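S.K.: Top to bottom, those sequences are chains A and B. Each residue of the first sequence is one higher than the one before, starting from 1 at the first, in my numbering. Each residue of the second sequence is one higher than the one before, starting from 1 at the first, in my numbering.
Everything labelled a hint here was simulated from the structure, so no lab data went into it. Small disclaimer: the values here were computed from a predicted structure and weren't measured. Where hints are given, some of them may not hold.
Identical chains share a label here; the pair holds if one copy fits it or two copies do between them.
Claimed, not checked - Pairs of lysine-lysine residues, derived as DSBU-like cross-links and limited to a Cα-Cα distance of at most 35 Å, are as follows:
hint	residue 1	residue 2
1	Lys-254	Lys-180
2	Lys-365	Lys-34
3	Lys-29	Lys-254
4	Lys-254	Lys-292
5	Lys-127	Lys-231
6	Lys-2	Lys-292
7	Lys-287	Lys-254
8	Lys-127	Lys-292
9	Lys-94	Lys-204
10	Lys-231	Lys-254
11	Lys-29	Lys-204
12	Lys-35	Lys-409
13	Lys-81	Lys-231
14	Lys-287	Lys-29
15	Lys-229	Lys-34
16	Lys-94	Lys-127
17	Lys-180	Lys-35
18	Lys-365	Lys-292
19	Lys-2	Lys-35
20	Lys-2	Lys-231
21	Lys-229	Lys-2
There are 2 protein chains.
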Amino acid sequence: MKRNIVVGQSGGPTAVINASIAGVYAEAKRLGYKKVYGMIHGIEGFLQDKLVDLDRYLSDPLDIELLKRTPSAFLGSCRYKMPKIEEHPEVYQKVIDIMEEHEIDTLFYAGGNDSMDTVKMLSDYAKQTGRTQTFMGIPKTIDNDLPITDHCPGYGSAAKYIASSIKEIIRDNESFGAVKPTVVVVEIMGRHAGWLTAAAALAKGIDCTGCDAIYLPERVFDVDAFVEKVKELAKTRHSIVIAVSEGIMTADGKFVCEAGDAVLPVDAFGHKQLGGTASNLCRIIAKETGLKTRPIEFSTLQRAGSHLASLTDVDEAFCAGGVAVRAAADGRTAMMPVLVRANDEPYINWIDLHDIHDIANVEKKVPDEFITEDGCGITDAYLRYARPLIMGELNPMFVDGLPRHIVMKELMSN
Amino acid sequence: MKRNIVVGQSGGPTAVINASIAGVYAEAKRLGYKKVYGMIHGIEGFLQDKLVDLDRYLSDPLDIELLKRTPSAFLGSCRYKMPKIEEHPEVYQKVIDIMEEHEIDTLFYAGGNDSMDTVKMLSDYAKQTGRTQTFMGIPKTIDNDLPITDHCPGYGSAAKYIASSIKEIIRDNESFGAVKPTVVVVEIMGRHAGWLTAAAALAKGIDCTGCDAIYLPERVFDVDAFVEKVKELAKTRHSIVIAVSEGIMTADGKFVCEAGDAVLPVDAFGHKQLGGTASNLCRIIAKETGLKTRPIEFSTLQRAGSHLASLTDVDEAFCAGGVAVRAAADGRTAMMPVLVRANDEPYINWIDLHDIHDIANVEKKVPDEFITEDGCGITDAYLRYARPLIMGELNPMFVDGLPRHIVMKELMSN
């Protein structure tokens with residue numbers, strides 16, 4: 001007889017990570033699990049026994065639909081780094097103890113690279129100590145940098161938000177055109193992998209000239225070449241829009257946003273909080289060319305823009321949650337659902353399962369065939385890859401003129 | 001027999017200024033005008049005889065619908081300051097000459113304060129010199145700072161974008177909550193009037209705690225009091241989200257974004273291009289409180305976000321264009337359609353006409369009754385005023401996963 005499960009969310013939120021929670025809940029209930037617990041603030045809250053019975057929030061199907069349309073982590077997120085097993089086995093034992101106490105058979109964890117590492121280590125500990133509890137990862141990251149899977153839930157919606165917003169920015173900038181030539185530099189998230197920035201290329205179409213240049217962190221950023229590129233563009237174009245990744249680095253290994261006296265804050269994993277790349281580049285352009293400039297940062301809007309979510313992405317996130325539950329019910333552990341693509345157009349894909357050990361801590365960068373030879377453009381091969389991921393819309397439920405979300409009282413009172 | 005008209009757009013674009021052009025075109029055609037010309041880049045382009053016959057773009061009703069859903073100035077905009085009549089009458093004469101040459105009876109100009117000044121001076125010149133040509137303004141500004149009219153087309157959509165995005169930012173920030181307390185400072189447009197920033201207050205609701213503080217340029221900004229406010233908030237809340245106008249000034253009359261060594265660029269009207277207020281405040285908070293911070297600027301996204309337009313706003317913008325045409329056909333000149341409100345809820349309003357001389361160069365600030373006594377909040381009276389303006393949605397026409405726009409080749413090739 002089926003007992004209980006627990007699901008948690010970790011790392012930077014996305015527009016559709018909640019759809020995965022909805023998928024976990026719906027499939028678990030269908031399969032006859034007794035309780036579906038949610039961890040409040042991921043494994044960090046779980047270690048403090050902060051659990052919520054999701055029946056309290058999701059028993060009405062309307063709430064499931066609202067959850068699919070609510071951005072960010074409904075359960076709360078964290079950036080908690082698990083210690084090494086051999087150094088602090090008691091942390092792992094505590095997770096097992098809390099699971100036993102609540103009769104939880106499986107722990108599901110939705111997140112990116114760091115979160116999959118947590119799942120890997122928990123399952124390793126359980127195996128080493130002969131425990132029966134199982135652990136499943138659920139892919140989630142706007143960064144799209146998990147390996148094995150064709151793409152990650154969360155990426156399609158972020159890409160749709162970025163491409164739509166870039167179109168609106170280009171529309172705005174070209175309205176002045178010749179009477180006020182302006183260079184707009186748009187800064188997009190992505191520390192080491194340029195997937196999100198590449199999405200700016202999707203803006204190009206019959207009604208839009210698209211970005212004039214796109215710089216990913218996969219290529220060394222050369223400030224002089226950048227200035228030359230802008231000068232060259234300015235000879236023929238009045239409205240210039242350039243997309244850059246927050247993670248671009250110069251040859252000396254420094255982030256462009258670290259130029260000058262900037263000191264970037266650092267998180268629990270030692271990752272620097274980036275920002276200011278567009279501003280720095282605008283200052284350089286203004287100084288070197290005299291052109292009018294405008295820096296724009298999408299900031300957290302690009303990962304929270306559920307009002308512009310991709311229906312394809314929402315559905316895949318939902319199904320990834322469901323598949324993880326089904327696999328756990330079948331006795332699998334230490335796995336993550338991966339998206340497999342058979343064809344670009346028509347888009348034909350399915351969901352498979354893969355060993356978490358091949359996934360944790362591996363970062364998938366944008367491959368060479370998606371970047372043009374001059375290093376500041378995106379190829380058609382990328383467009384064929386990305387286009388299916390932004391297809392379809394899931395309209396928000398508007399109440400009083402604004403998208404309605406579903407929220408946990410526990411988080412709002414924070 | 002009816003001859004021709006011309007319509008132009010000026011100043012910062014909005015999500016619905018094109019709906020006014022659609023309204024002008026549709027009503028003019030219905031009334032039997034022969035040609036509806038568009039000025040390319042407003043009066044600046046008109047003075048260079050840059051006109052386009054709008055039949056080329058708008059004869060299919062589908063194109064009218066696309067135009068309603070296309071942000072920014074379809075015809076191109078400008079920030080051209082007309083000289084004083086007595087100093088350069090030849091500029092005014094040139095406008096009249098070009099109108100005569102193209103058999104244009106009426107010139108329609110959609111814009112804000114500066115643009116209404118252009119309409120006023122053109123109609124003054126025509127009157128002084130005994131011309132028969134007529135001139136009509138059409139209100140357009142996200143800033144909502146035109147007098148007489150209850151509100152301005154463009155404001156409702158910007159307010160809807162701001163409130164929706166603030167909700168998503170709050171959702172994102174509270175997902176970390178206690179495990180990573182962060183102060184987010186969101187910078188919103190509005191040089192002297194805080195209407196747009198006030199819209200951040202609309203985010204509050206049953207599913208959202210709303211902003212923790214909102215600072216408008218109508219009040220002197222006190223940095224010390226601001227830091228104290230943040231410290232006070234941090235005692236009870238982990239996720240803090242504060243909205244500030246880009247135009248807030250300290251008691252010495254300096255913009256907060258001018259602090260330090262910032263030198264702001266200046267436009268043709270002598271207005272400084274603001275930006276960096278949120279970053280400056282985040283630096284101050286980090287230094288004075290040690291709290292983690294994140295600055296966010298909506299930048300041009302807030303005026304170009306037609307994918308999240310308010311249907312009420314689109315309809316009013318469309319009708320304002322139509323009413324201006326009807327009034328001109330009736331022989332009126334030097335007028336602007338104004339929105340008149342009878343009731344908040346149910347929202348009952350109509351469109352009247354008002355003398356442009358009472359409107360040009362007058363800036364309507366946020367009244368005292370919309371600002372709380374402590375100077376960092378918004379009252380319920382404002383919410384009753386603003387709520388009707390963000391009601392309803394006009395979904396984009398999505399093609400290949402992105403909103404489709406209608407564009408003039410003349411602007412794209414810029």
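S.K.: Of all the hints given earlier, name the ones this structure violates by number, lowest first.
M.R.: 2, 3, 5, 6, 8, 9, 14, 15, 20 and 21
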